[in-house]
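Student: Residue strings, one per chain:
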Amino acid sequence: MRTADVVVIGGGIHGCSTALHLALRGLKPIVVEKDYAGRHASGVNAGGVRQLARHVAEIPLSISSMAIWERIEELVGDDCGFDCHGTVLVAESEEELAGFRARVEDLHLRGFSHEELIGRAELKRLVPAVSDYCPGGVVSRRDGAADPFRTTQAFRRRAVEKGAEVIEGVRVTGLVRAGSVWRVETSDGPIEAPKVVNAAGAWADRIAAMLGEPVPLEVIAPMLMVSSRVPPFIQPVVILRGRKLSFKQLANGTVVIGGGHLATPFRDENRTVLDWSKLTASARTVWELFPVMREATIVRAWAGIEARMIDDIPVVGPSSTSEGVYHQFGFSAHGFQLGPGTGAMMAELIATGATNVPIDGLGIGRFAAR
Amino acid sequence: MTSAADLSPSYDLVVIGGGPAGLAAASLAARVGLSTVLFDENPGVGGQIYRGITSTPIKNGTVLGEEYWAGGALASEAKVSGAAIVTGATVWTLDPSLAVGVSIAGKARLIQARRVIIATGALERPFPIPGWTLPGVMTAGAAQTTLKAQGLVPDGRTVLAGCGPLLWLLAAQLLRAGVKIEAMLDTASRRNWLRALPHLPDFLLSPYWRKGLALLREVKAKVPVIAVDRLSAAGDGKLKEVVYGTGGTEHRLAADLLLLHHGVVPNVNLANATGAAHRWNERQLCFEPVLDDDFTSSVPGIAVAGDGAGIAGGTAAAERGRIAAIAAVRALKPEASVPDPQVVRQKLAREEMGRAFLDILYRPADSFRRPEGDTVVCRCEEVTARQVRAMADTGCEGPNQMKAFLRSGMGPCQGRLCGLTVTELIAEQRGLSPAEVGYYRLRPPVKPITLAELASLPIGEAERKAVER
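One line per chain: the protein sequences are A and B, in this order. Residues in the first sequence are numbered from 4 upward in steps of one, following the working numbering. Residues in the second sequence are numbered from 571 upward in steps of one, following the working numbering.
Keep in mind that the hints were calculated from the coordinates and are not lab data. Treat each hint with caution, since some may be false.
[Stated by the list, open to error] Derived lysine-lysine pairs resembling DSS-like cross-links, with alpha carbons at most 25 Å apart:
id	chain 1	residue 1	chain 2	residue 2
1	B	LYS792	B	LYS750
2	A	LYS281	B	LYS677
3	A	LYS127	A	LYS247
4	B	LYS1017	A	LYS281
Values in this document were obtained by computation on a predicted structure and should not be read as measured data.
All chains should be modelled from the sequences, with the hints used to inform the complete structure.
Tutor: As structure tokens, then:
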């Protein structure tokens, strides 16, 4: 019988990060991954490392994560392609800008200072290519972007170096209490461990169901497309609120266009079908916002499968029904930046029984109450 | 039809590719009344084999050979069949719901099909030798394209290298067009003969052997044919010399143009991007779609005909197109009268006869498919064989993971020039078969489109309202 201190279900950025931080605390985790690490959303997301425009409940996790991103190479031995040129939320009208102002003022009252309102001049300075009709926006200057697959693989590799085991191509089929431990049934035989982390992404509701705590999880597949190389013209990541857009130029000149338009996911087949009418909407938004992109070529479009909760914030913390089980899923299309910090927090919670990072409002119990 | 706006929103049958398979399929389906559209990205139909069939400036029938001119019948048959034949039309996506994304003259449309026949044919197997990216080195297929379409022939010192029936055919066509060929460097392994021998009787029953033998004689009479097991292109900024050798010897041959070719493989990009299942063909050393007897793929409603279904040549391609079209007619209009598919299958079997002999005889040697050292593998992203091998050694398990680490296959060609090489290199380093390593998962658009084209796509009213501010 295989045994471990913790079985982590799911080898995405969250599972790999939690495994690394557990190993750094001297525990022995086994990650069970049905495909390979980073196969889904963790490996193919837009790579935004963003504190900007987050739900208040996840801001503490996001800030603690940012501190790890800023020393990512020290932690995982790879710079993960992380660069830091800020994220800019562009306002497309005065009305929208007024709404942003209220949000930033509210955050400042709560003691969060990472979001900063900017006017037309600073917007033009940060994003010279943006169309003239935009009156300003919000910037989070420490934000940036990283290479998602490389990051997930770096966490996986360093976790293994520190004593974690990662089993790929193996599926969890059952979860039963066996005395003082959990018996995790897999397609490659059972594993016993006192603690279990459910970091199964778009498949996490099935794990939760094994524990008798069903959650309203929607399987989604946000679409992205990438252009051929164009001369460098923009450094920060640009996002919109009114229309769906995230926009960034990578160091190699290619431009990644996303923003949350959804493909149709087929999670049992690891497959997605793109919706070109929505990608057309993205193309039109870019056409208006960045005239310089009009003759750029789109070379590839894709979508990664992940989980969205109905309230658009993740499920993080102990199970409400099963002692020793922890949830870490449902990041609702914005979990990549949260990976490093949530893994550290989760390892702290598992190892010490408590954490200094507030995660109020993210527990699975919020769904039972409804 | 020349404009995207003229297209109907839906068709019974969308045929993608206007080579022999596509032309035969579209003709058959349209004649019995299926609303049929055929898209081809070239200025005219014909595919590679009959490229320029309606427009080539080469009027001397002997240069391109009688097989080429047989394409004319297919083209005129399609023209009068009632099918809409749209050239200059690039299909950039096809999904399992049979939505077809196509661009014509800078404008994009999404068309709904009830059945799709992919007839995107073959492309040349990557031939990654040292120096293959130098100006002055091109594929034999590219040279044949300019010959057929524009009547242009090389005028400098020209060397051909590689193996396979098409290389001999091109040599003969160039000679007939008055080109002097300095040498033909034959890379096929001598040992292939022994392995091919058991298939010789079938080959002798096929229509190919007389023609093939005649081609060999024609070329050998005028060009020195030299067996080589090492080959590279050398030059500073452009090709100056072809360097070749056997065993311990090394020779250098001054050249202005080196034409490379070692066989063709199915162009799987579109079928792959729809999610259709593919498998490794060890005899032809390539991936091909998994198809049933009607050439239907694992995605319902999508068939793959022609060389895209596995290499068998132009005449077989037409028969395959007919079989796929008969299946489409039977599904959509069962009362229509169609040829007996069994009869077509028998014709196809005759055309496919002798293929095994050719495949084995012209099997490209391992050393020419699995390069070493600094030889470039992925031209778009300039990734070398050494990098791919090293990454496989450090645990990178397959081509899709390799994309993330090295960006191999991430450029505009979407792996057409490196996919098989990357798969084979990973397989060799990891001691696995190419079947186990697998191929790139390809992403649409399978052909690049501009942001402006994508933005031009008409979308539903609800979507439009969301976009308007």
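Student: Each of the hints needs a verdict: does it hold here or not?
Tutor: Results of checking the hints against the structure:
no.	hint	in the structure
1	B:LYS792 <-> B:LYS750	holds (9 Å)
2	A:LYS281 <-> B:LYS677	holds (17 Å)
3	A:LYS127 <-> A:LYS247	holds (21 Å)
4	B:LYS1017 <-> A:LYS281	holds (19 Å)
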